[in-house]
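**Q** Sequence:
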Amino acid sequence: MSLSIKEIQAPIAAEMDAFEGKFRQFMKTKVMLLDTIMNYIVQRKGKQLRPMFVFLSAGVFGKITEETYRGAALIELLHTATLVHDDVVDDSNYRRGFFSVNALWKNKIAVLVGDYLLSKGLLLSIDHGDFEMLKIVSTAVREMSEGELLQIEKARKLDITEDIYFEIIRQKTATLIAACCAAGMSSAGANAETVEKARLFGEKVGIAFQIKDDLFDYGDAEIGKPLGIDIKEKKMTLPLIYALNQADWSTKRHVINTIKNDSENPKKVAEVIDFVKKSGGLQYATEVMQNIVREALAILESFPESIYRTSLAGLVQFTIERAK
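If you want this note's numbering, it's the position in the sequence shown, counting the first as 1, plus 516.
Please note: incorrect hints may appear among the correct ones.
As the list claims (entries may be wrong) - List of simulated lysine to any residue pairs, SDA-like, C-alpha gap at most 20 Å:
| id | residue 1 | residue 2 |
| --- | --- | --- |
| 1 | K673 | A763 |
| 2 | K768 | R672 |
| 3 | K563 | E536 |
| 4 | K776 | I757 |
I should point out that these hints are in silico values taken from the structure, not numbers from a laboratory.
Fair warning: this is a prediction, and the values are worked out from it, not measured in the lab.
Whole structure, please, built from the sequences with the hints as guidance.
**A** In structure tokens, the structure reads:
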């Protein structure tokens with residue numbers, strides 16, 4: 517039986533409460549407009565999965581420190597900066613069901629807010645000498661940018677192989693969860709080998725997390741409402757890549773042409789969704805996701821048993837069983 521978010525958070529409930537107050541302090545500024553925007557961002561936080569990965573990873577090693585709080589804050593600051601910039605790039609007016617920063621304050625201010633968040637994160641680490649932490653998270657931000665650009669490059673030709681797909685999602689999504697786990701272990705005083713093991717665990721969780729997102733796009737009684745957003749945005753996801761690999765040359769050409777030229781047509785998008793389902797794409801992606809989760813949990817089980825390890829395993833299950 518899967519754990520609820522409240523049960524997963526139980527070993528770090530006090531730390532998560534304390535983190536909220538500390539994070540608000542980290543976001544403080546003397547510029548009234550900026551302070552208003554910071555408050556708006558903080559009040560619309562999501563499930564806070566990333567700080568949970570940081571605190572639970574530190575707990576698994578045995579010690580949650582002040583550096584753990586700074587590591588969690590650094591990741592949230594840099595991640596929030598990338599989201600604010602992403603909304604500008606995508607011309608998106610909503611984030612988690614609320615108006616995005618660029619929708620309320622326009623693009624120029626949103627870009628400057630993203631830059632401000634980025635600098636706050638960097639200074640938070642530099643001011644406290646958390647250079648190893650800064651290296652872990654800065655590497656993740658670089659990889660996220662590279663992954664996004666690789667996806668844009670490949671979307672033009674729709675020639676993504678499974679290998680390239682995994683490289684894109686490793687960089688775009690998995691690298692940040694990997695950084696959370698590595699940062700948590702590093703903040704607790706773990707050696708380089710242990711930090712790398714935690715990073716690899718997080719990377720596998722992140723890859724499974726993204727495959728779950730891919731599955732949402734196709735809809736199912738167990739997965740959710742069919743959306744087809746990835747198809748409309750010409751993103752090649754694992755279920756689609758698998759389905760195309762199983763198809764004959766003429767079917768493959770027809771589907772790719774449909775995605776290139778008719779991705780705004782709901783009827784045509786529905787046809788692509790149907791093609792992927794009939795080709796076994798959802799089943800294949802689900803099996804791959806479950807195998808990667810098993811690999812992640814095998815790494816986790818190499819750490820000593822504790823309430824933190826149990827919660828971290830629960831958090832892994834939550835990421836792949838979530839309804840949205």
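**Q** Does each hint hold? Answer for all of them.
**A** Consistency of the hints with the structure:
Our distance criterion of 20 Å between C-alpha atoms is met by K673 and A763, whose separation comes to about 18 Å. Taking the CA atoms of K768 and R672, the gap is about 16 Å. The hint holds against a cut of 20 Å. Only pairs whose Cα atoms come within 20 Å are accepted, and K563 paired with E536 is accepted, the gap being roughly 12 Å. Using a Cα cut-off of 20 Å, the hinted pair K776 and I757 holds, with the two alpha carbons roughly 15 Å apart.
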